Amino acid sequence: MRQLSTLPAVWMVLLVIASLTLVGCPKPPSIGQPGESAVTPGSGPAGSAATGPSGPSTGTEPSVSRPSVPAETPLGSAGGPGAGMGLGPGGSGGAGASSQGAGTSPLKDIYFDYDRFAILEDQKATLNQDAAWLKANPAVKVTIEGHCDERGATEYNLGLGERRARAVKEYLTAAGIAADRMTTISYGKERPLVLGHDENAWKWNRRVHFTLVAR
Numbered sequence: 019m020r021q022l023s024t025l026p027a028v029w030m031v032l033l034v035i036a037s038l039t040l041v042g043c044p045k046p047p048s049i050g051q052p053g054e055s056a057v058t059p060g061s062g063p064a065g066s067a068a069t070g071p072s073g074p075s076t077g078t079e080p081s082v083s084r085p086s087v088p089a090e091t092p093l094g095s096a097g098g099p100g101a102g103m104g105l106g107p108g109g110s111g112g113a114g115a116s117s118q119g120a121g122t123s124p125l126k127d128i129y130f131d132y133d134r135f136a137i138l139e140d141q142k143a144t145l146n147q148d149a150a151w152l153k154a155n156p157a158v159k160v161t162i163e164g165h166c167d168e169r170g171a172t173e174y175n176l177g178l179g180e181r182r183a184r185a186v187k188e189y190l191t192a193a194g195i196a197a198d199r200m201t202t203i204s205y206g207k208e209r210p211l212v213l214g215h216d217e218n219a220w221k222w223n224r225r226v227h228f229t230l231v232a233r
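One gets this note's numbering by counting positions in the sequence shown from 1 and adding 18 to each.
Calculated directly from the structure, the hints in this document are not laboratory data. Keep in mind that a hint or two might mislead.
Below 35 Å or equal to it, Euclidean Cα-Cα: the simulated DSBU-like pairs (lysine-lysine) are [what the hints assert, rightly or not]: (1) 142 <-> 221; (2) 159 <-> 187; (3) 159 <-> 142; (4) 153 <-> 187; (5) 221 <-> 159; (6) 142 <-> 187; (7) 221 <-> 153; (8) 221 <-> 187; (9) 142 <-> 153.
Keep in mind the model is a prediction, meaning the values are calculated, not measured.
When you get a sec, could you build the whole thing from the sequences and use the hints?
Set out below in structure tokens:
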């Protein structure tokens, strides 16, 4: 009878222990799907390294603006490479010398055939315009520069450039320009007007260029 009477007390102790154990256990966290504002691996604010300032990266390099190749222009025209940029003539044939600084020339370049220094027929009209400008500005002195394209030896091109410069000086002298107003120099292939390795560049570099001499 005593054993039977102690059973309820034992069960009561076990129930108390079980209830205390359940109260002390932490509640496991709930796992759900991330919402629209959730931060997931690789995400971040706009402009972060993951996306860039203008959207997802495509893996290609940005495009770079590069200089364009000079357009085809008839030889001897004032609109050739360097016109208006200090590289070529580009000036008005009637501009007065008083408005030109030292080294700046309104005179137009004269172009030549490959390995030749004879004045071409289609260049004589341009050269006549240069002569007319020099006659209208008798106080001006000029340096006549001979240039060549990149082909050939350096020494050979220096000689060829000098012959081109002298041919132009002789033409202008015959046209009535005093020889003592003109000096010649050759740069050979050392000062190309247009960089390149084909006829599109070479034809602009076989030339005579005029530089005004400071007074």
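Hint check results:
Restraint check for residue 142 and residue 221: the C-alpha separation of about 17 Å stays at or below 35 Å, so the hint holds. For the suggested pair residue 159 and residue 187, the alpha carbons sit about 12 Å apart, so the restraint of at most 35 Å is met. Simply put, residue 159 and residue 142 have alpha-carbon atoms about 21 Å apart, close enough for the 35 Å limit, and the pair holds. Under the criterion of a C-alpha separation no larger than 35 Å, the hint pairing residue 153 with residue 187 is consistent with the structure, at around 14 Å.
Simply put, residue 221 and residue 159 have alpha-carbon atoms about 27 Å apart, close enough for the 35 Å limit, and the pair holds. The straight-line distance between the Cα atoms of residue 142 and residue 187 is roughly 13 Å, inside the 35 Å bound, and the hint therefore holds. Our distance criterion of 35 Å between C-alpha atoms is met by residue 221 and residue 153, whose separation comes to about 29 Å. Between residue 221 and residue 187 the alpha-carbon distance is near 21 Å, which keeps this suggested pair within the 35 Å criterion.
Annotation: proposed proximity of residue 142 to residue 153 holds, straight-line Cα distance about 16 Å (limit 35 Å).
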